[in-house]
Amino acid sequence: MARTPTTSDPFSAIAEPKRRELIEAMVGKELTVSELVDITGWNQPMVSKHLNVLKQVELVSERKDGRFRVYSVNAEPLKPIQDWVIQFEHLWTNRMENLEGYLEKLQSTEVID
Amino acid sequence: MSNDATVKPSILSREFNAPKKLVFETWTQPEHLQHWMFPQKGFTCEYVRADIRVGGSAHHKMISPDGREMWQLTTYEEINPYDSLVFRQYNSNEAGEILAMPHMPNWPQELMTTVKLEEVDGKTHLELIWQPINPSSKEVEAFESSRSQHSNGWGSGFKQLAAYLKTL
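Same order as they appear, the protein sequences are chains Z and D.
Just so you know, the first sequence maps onto residues 1 to 113 in my numbering.
Just so you know, the second sequence maps onto residues 1001 to 1168 in my numbering.
This is chain D alone, in the form it adopts within the complex (with noise of 0.2 Å):
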């Protein structure tokens, strides 16, 4: 890749006991999608639209445990059974629009997520790849920050803050 603004991805590894084949269906079948694809424990999900092959998308539903309901669009790219897909997920509303983030202007407005999955002893790796995609001078810089936040933690040497920001 040459581009201007590169930017490295993040990414993230994980072991799951579980056979390839499984792994690769709980993200490509809604039926499996909505056990999961939430930010957190106590939200439920639902997928109202999934057409997931190449050049589809769907959208689902979070509803946080009191009761906020966030919506998310996932355009899928490839699909490679059962080893990688690649799609973009979005902030979305109810009517399947693309929103920005609010408060993160300079946030890459298109991530590219790429799951590669590897089977080994009847267990499954996975790599998840984060990687913006032709991103301006100002995103790369918002994305860089992000990855300096998540390698250290913001947490560490941050404790007084995180204590007071708490109190705002």
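Just chain Z, same shape as in the assembly (with noise of 0.2 Å):
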């Protein structure tokens, strides 16, 4: 596997499976790194280093409760990418979709012409 690339943007922090993991292990809920551990099932240096590269990029926050640290997720900066992804995504398959029934009623017509 190739090495955890250093990431400056969300959409590139969340390219990497295990932060998009540990993101889906997060919505909703506040968590420390050790809860994260457990989730997870990865060693405790492994989940912080996702976890900070998934703070740099303003996704995940951090609060001090007591003696611990807690983390949640700031979902808010994915929204937009999530929208351009599923036009993406969705963007060619849908104009084949069009074409091909546009193919089959050509089709048709012609024949009854």
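Hints in this document: simulated from the structure, not taken from any laboratory.
There's no promise every hint is true.
[To be verified] Only pairs whose alpha carbons sit at most 16 Å apart, straight line, appear in this in silico EDC-like list of lysine to aspartate or glutamate: (1) D:K1138 x D:E1110; (2) Z:K105 x D:E1031; (3) D:K1123 x D:D1083; (4) D:K1020 x D:E1127; (5) D:K1041 x Z:E97; (6) Z:K79 x Z:E58; (7) D:K1041 x Z:E21; (8) Z:K64 x Z:E97; (9) D:K1116 x D:E1078; (10) D:K1021 x D:E1119; (11) D:K1020 x D:D1121; (12) D:K1123 x Z:E104; (13) D:K1020 x Z:E100; (14) Z:K105 x D:E1025; (15) D:K1123 x Z:E100; (16) D:K1021 x Z:E100; (17) D:K1138 x Z:E104; (18) D:K1020 x Z:E104; (19) D:K1021 x Z:E104; (20) Z:K55 x Z:E16.
Mind assembling these two chains? They're in different frames, but the hints should get you there.
As structure tokens, then:
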């Protein structure tokens, strides 16, 4: 496996599957590093490493709760990216479906003519 | 191709139950294109200008079901009836000026689309190839990221987040 690249924007940050997994685990929750270690089954340095990248691009917020630091997802920056990715994923697939339907129509009309 | 920042193209394949000549025409004639060159069902599409030849360009408008207008500019680089065509497509405005992706500053500025057609037993196999042109390393990163989104599908393993994003 290639090493984890350093990254400076949310879009690249979530390209790494482990960071997607981390985000997915944290949605709607506040969790400590040790809780994340339990959930993911990864070792603590790995959790911290990916957590740090997500913090840098502001996809994860950190809050102090007594002796602990708790982490939560700030998914707002992902919203436009998600909209865009959906568009990207579907753009040509949808156009191909449009074209398929159109070709069918075209050819059935030609037969009738 | 030997470039500092090379990137593998994204490829999409599809088979159409139609002869190659007809499929080719649906890609190169505005009266055909307006029936399908839009993002999804419910849109209407109009080619206000279509000079579809090598070195020429086409400008089309798409109107969403809720009345939002979107424009695209397509420039044509290769047209080989009825085998292939090569073009670049850009987000545009009504004046035909190229616009950047608002949320994606690092998305490749130049993306070349190649369409290849092959007819077998009256059916046409279409291959669509998406390739960034002279991308910067940032653009390669953005394109590669989108590819990983593409192959995994945003939805897979991202259900909670997708549901949550809908509420934002």
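Status of each hint after checking the structure:
Restraint check: the Cα-Cα separation between D:K1138 and D:E1110 comes to about 13 Å, which is no more than 16 Å; the hinted pair holds. Simply put, Z:K105 and D:E1031 have alpha-carbon atoms about 14 Å apart, close enough for the 16 Å limit, and the pair holds. As the CA atoms of D:K1123 and D:D1083 are separated by approximately 13 Å, the hinted pair is consistent with the 16 Å bound. Between D:K1020 and D:E1127 the CA atoms are separated by roughly 12 Å; this keeps the pair inside 16 Å, and the hint holds.
Of the pairs offered as hints, the one joining D:K1041 and Z:E97 holds, with about 9 Å between alpha carbons and a cut-off of 16 Å not exceeded. Under the criterion of a C-alpha separation no larger than 16 Å, the hint pairing Z:K79 with Z:E58 is consistent with the structure, at around 13 Å. Proposed proximity of D:K1041 and Z:E21 is contradicted: the alpha carbons are some 33 Å apart, above 16 Å. Restraint check for Z:K64 and Z:E97: not satisfied, since their Cα atoms lie roughly 51 Å apart, outside the 16 Å limit.
For the suggested pair D:K1116 and D:E1078, the alpha carbons sit about 11 Å apart, so the restraint of at most 16 Å is met. For the hint pairing D:K1021 with D:E1119, the CA-to-CA distance comes to about 9 Å; that is within 16 Å, so the pair holds. For the hint pairing D:K1020 with D:D1121, the CA-to-CA distance comes to about 10 Å; that is within 16 Å, so the pair holds. In summary, the hint linking D:K1123 to Z:E104 is supported, as the alpha carbons are separated by about 12 Å, within the 16 Å threshold.
A distance of roughly 13 Å separates the Cα atoms of D:K1020 and Z:E100; the hinted pair therefore holds under the 16 Å criterion. As the CA atoms of Z:K105 and D:E1025 are separated by approximately 15 Å, the hinted pair is consistent with the 16 Å bound. Note on D:K1123 and Z:E100: the hinted pairing holds, with a Cα-Cα distance of about 12 Å set against a maximum of 16 Å. At most 16 Å may separate the alpha-carbon atoms for a hinted pair to count; D:K1021 and Z:E100 meet this at roughly 15 Å.
Distance restraint check for D:K1138 and Z:E104: the Cα-Cα separation of roughly 42 Å exceeds the 16 Å cut-off, and the hinted pair is therefore not satisfied. Of the supplied pair hints, the one linking D:K1020 and Z:E104 holds, its CA atoms being roughly 14 Å apart against a limit of 16 Å. Restraint check: the Cα-Cα separation between D:K1021 and Z:E104 comes to about 14 Å, which is no more than 16 Å; the hinted pair holds. Restraint check for Z:K55 and Z:E16: satisfied, since their Cα atoms lie roughly 14 Å apart, inside the 16 Å limit.
In this structure, the hints that do not hold are numbers 7, 8 and 17, in rising order.
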